Amino acid sequence: MTGAGREKEGAAPEPVLSVERLSVDFRVAGEWTPAVRDVSFTVGRGEVVALVGESGSGKSVSSMSVLGLVAGSARHRGSIRFHDTELLGLGHEALRGVRGKRIAMIFQEPMTALNPVYTIGKQIAEAIRCHEKVSAAGARTRAIELLTKVGIPEPERRVDSYPHQLSGGQRQRAMIAMAISGNPEVIIADEPTTALDVTVQAEILELLRGLRRDLGSAVLIITHDMGVVADVADRVVVMKEGEVVEEAPVGRLFAAPEHEYTRRLLAAVPKPPPPGAEPVAEPKPEAPKDTTLRVRGLEVEYPGRLGRKGFKAVHGVDLTIGKGEVLGLVGESGSGKSTIGRAVVGLARATAGSVEVCGTDVTGLSGRRLRAFRPTYSMVFQDPGASLNPRWSIGDSIAAPLLVNRTAGRAAAHARVAELLEQVELPAQWAGRFPHELSGGQRQRVGIARALALEPELLIADEPTSALDVSVQATVLRLFRELQDRLGFACLFISHDLGVVELLAHEVAVLQNGRLVEHGPAREVLANPRTEYTKRLVAAAPVPDPVEQAERRRLWREMAAA
Amino acid sequence: MRRFLLTRFAQAVLQLFAVGSIVFLLVRLIPGDPARAALGEGATEEQVAQTREAMHLNDSFVSQYFGFWGRLFQGDLGTSLLSSRPVMQDLPNRLGNSLELVLVSLVIAVTLGVLLGRVAATRADKPADHALVAGSIFGISLPVFVVGTLLLMVFAFLVPILPPQRFTTPWQDPVAHLQILILPVVTLTAASCAVITRMTRAAMLETLSADYVRTARSKGLAEQRVIKDHALRTALLPVASATTVELTTLIGSTVLVETIFGWPGVSSLLMSAVGQRDYPVIQAVVLAVAAVVILVNLVGDLVVRALDPRAEEA
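Chains as they are written, first to last, in my numbering: chain A, 11 to 572; chain B, 246 to 559.
No lab work stands behind these hints: they were computed from the structure. A quick note: this is a predicted structure, and the numbers were derived from the prediction, not measured. There could be a bad hint or two in this list.
Stated by the list, open to error - To be clear about the criterion: a stretch of chain A counts as covered by chain B if any three or more of its residues have a C-beta under 8 angstroms from a C-beta of chain B, and this derived list gives those stretches:
| hint | region |
| --- | --- |
| 1 | 101 to 113 |
| 2 | 117 to 124 |
| 3 | 134 to 141 |
| 4 | 461 to 471 |
Stated by the list, open to error - Derived lysine-lysine pairs resembling DSSO-like cross-links, with alpha carbons at most 27 angstroms apart:
| hint | chain 1 | residue 1 | chain 2 | residue 2 |
| --- | --- | --- | --- | --- |
| 5 | B | Lys473 | A | Lys143 |
| 6 | A | Lys111 | B | Lys473 |
| 7 | A | Lys132 | A | Lys111 |
| 8 | A | Lys132 | A | Lys159 |
| 9 | A | Lys319 | A | Lys281 |
| 10 | A | Lys111 | A | Lys143 |
| 11 | B | Lys371 | A | Lys132 |
| 12 | B | Lys473 | B | Lys371 |
| 13 | A | Lys132 | A | Lys143 |
Stated by the list, open to error - Taking beta-carbon pairs under 7 angstroms as the criterion, some of the chain A residues facing chain B (in silico):
| hint | residue |
| --- | --- |
| 14 | Val127 |
| 15 | Tyr172 |
| 16 | His174 |
We put the beta carbon where it would ideally sit given N, CA and C, even for glycine.
Whole structure, please, built from the sequences with the hints as guidance.
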């Protein structure tokens, strides 16, 4: 199944959708600014074409142009042909006939892409009824059939659910049900799995693959994840700064990337070890002497609203991190990994157990004593855009911990900011700049600099690179590793990306529903997982190598079937 | 939902109870003897004693308090010191007249405001939008008494299309009633309509660029349906919340409008009562208006709740 399209590599099937010399400009402050320049590619019947690139590469704009869904004042030039129909400049009514019926779309974030005030059944029925004359009851029956087809359990009940009552994966399945309601010839999927956990991602990609097989629809998938590309694509179009830089069948692209940018993109992806690989002897940092963090029997319960039962996010977790060690904490969303991080720094209250940082139990500390202890540890947050005050210069943000804790006066803080900026490889003169003047990667460097300002013994990093592009992620991770080597702080590194954890962590702890299910040296756990859960997690993570990914996919299917 | 209904009703009852208690205390907190204060300087001892009796001021504080609630539950709001008539004889009619003004204005303001807001949002940055935004600034910034007086001057005197008439109920003469209803309603509507127009416009500008609106377009829905069923429908959530607040403002403005147009609502009752220190009437009017505001907020919350399925679990 995986190889269905791949065996015929090279002999491209007859194109259904062809984009030729497409240029899209946006009007920004009265001037036309190009977003996409002379982009050409085709999607053949029943083919899966991946459009890859980093944020700002124009991949989303190109795909949105197909159905005329680009927001704002945009100017299109070139041609987008669907069979023999020119879609650019097509009238509203004619375009409406194509939208949803012949070409359908799946969007990135199903929570926002579905209307929160209507049930999913109504939204699917609406899609059916705007193209066919069907009674409301008939459309509802069809909606239930579609929900069954995309694998939503209890479709008769779920059809009346609102989007917020479904899990992320189910929402995306509902979105897919809506997209296939008109049996479209082309499905455009814009980052369909980016907002999902790896295990859910694997299921959704499997679903898309099955639909391609059953309906014969062609799929244009837009993604930045080379693992996803290796998993599903037949052909790949690589975009950079609004232009296509390379186009090749998936096997050739990964085996022999021609363009320098493609090579860089591939090199930047952190790769988890192949399943069943020999455990590599872990170069442990010299025999653990001191323990920086010792968490014992930690429980965190979020209180329920008046008179309701609370929600227990963490159940009796034990963790230790030695001096200068990095512990990777992995698990799916909702597994409690972020809550543990928050409990360690005192942002969430531990309801039971103890958190010892450098031998002091911080759960019992409060007020002045806790404040005196705070400089021992610090935190790097997930979204650097949201965790830096937009009205403060980055110098002020970095200096804040120094001034708040009165460890330095204004002048000393100023000097320290310059030093810190250089440590994270940003020019010291940038201290006066504001977050919006920086790129995502640069902002996260500032986040790291701020966390390091007080020379903490322990750093808690909560998904610090998950909001970044792969190539940016790679440089931030390299920097983080160098800093960790040099400064020797211990680190609790929270991530859902096994590749990233493998790269940085000495030890890894796997969480499921607030419980620790596996714990050990990183390489060993990831290469030879002992528990079912970890095995599934490892198997679900796609690797940027079509051959190896096909093998992983086979293993994943066996596991899913078991 | 049931849980929400129960707690929300309990809250409303508590609020009513608190308002009632405050109203009760209000009279008792007046320095000196409220009966004497009500009667003024020249009152005889006999009159004062009589009034004290009528206001139940001779009982103990506790029994006064329970008596107050007890009579309230029997629909007895006391007797006007001025007219010696039970307050319940005048209040319902007056309250009805005021509510008519408020509700008619509200319905028009919401309908028109949502409509204009939709027009402005879908034509953002075009002439129609600019005109509406500019117009709404007038509506918002002109005080009710200015608009009311201007309208009265223009349409009742300069161009007497709607000359002042004696008040007639809709049962006596529907046409005449409608004629006298127009100017006060227009006055009241102006400000609220402008506020709702702006709210709708802002909310819709946001929902129009929401992901689910793009999804609706990608399904092949006609643009008008995308706007009505998706962008406008979700934009109504914040508009509904704002309308509840706006309604409270509207009730406040009614006092002025009634005075300007000589509308026999609660405000003239209240004005004369305040002037004459007719405490039982003041108490009754304050209680009635507070009860209306509390009820309005309750209904507003329920409407918002019904519009937003997400609120159920939160």
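Hint by hint, here is what the structure shows:
Using a Cβ-Cβ cut-off of 8 angstroms, 7 residues of the region 101 to 113 of chain A lie near chain B, which meets the minimum of three, so the contact claim holds. Against chain B, the region 117 to 124 of chain A contributes 5 residues with a C-beta closer than 8 angstroms to a partner C-beta. That satisfies the three-residue criterion, and the hint holds. Counting residues of the region 134 to 141 of chain A whose beta-carbon sits less than 8 angstroms from any beta-carbon of chain B gives 4, enough to reach three: the coverage restraint holds. Coverage of the region 461 to 471 of chain A by chain B is violated. Counting CB-CB distances below 8 angstroms, 0 residues qualify, and the rule asks for three or more.
Restraint check: the Cα-Cα separation between Lys473 of chain B and Lys143 of chain A comes to about 21 angstroms, which is no more than 27 angstroms; the hinted pair holds. For a cut-off of 27 angstroms, the pair hint linking Lys111 of chain A to Lys473 of chain B stands: about 21 angstroms separates their Cα positions. Restraint check for Lys132 of chain A and Lys111 of chain A: satisfied, since their Cα atoms lie roughly 17 angstroms apart, inside the 27 angstroms limit. For a cut-off of 27 angstroms, the pair hint linking Lys132 of chain A to Lys159 of chain A stands: about 17 angstroms separates their Cα positions.
Our distance criterion of 27 angstroms between C-alpha atoms is broken by Lys319 of chain A and Lys281 of chain A, whose separation comes to about 41 angstroms. A threshold of 27 angstroms between alpha carbons decides the hint, and for Lys111 of chain A with Lys143 of chain A the separation of about 13 angstroms falls inside it, so the pair holds. Restraint check: the Cα-Cα separation between Lys371 of chain B and Lys132 of chain A comes to about 34 angstroms, which exceeds 27 angstroms; the hinted pair is violated. For the hint pairing Lys473 of chain B with Lys371 of chain B, the CA-to-CA distance comes to about 20 angstroms; that is within 27 angstroms, so the pair holds.
Restraint check for Lys132 of chain A and Lys143 of chain A: satisfied, since their Cα atoms lie roughly 15 angstroms apart, inside the 27 angstroms limit. Restraint check, Val127 of chain A versus chain B: the minimum CB separation of about 6 angstroms is within 7 angstroms; hint holds. The interface hint given for Tyr172 of chain A is met, as the beta carbon of that residue sits about 5 angstroms from the closest beta carbon of chain B, less than 7 angstroms. With a cut of 7 angstroms, the hint placing His174 of chain A at the interface with chain B holds, because the nearest CB-to-CB distance is about 5 angstroms.
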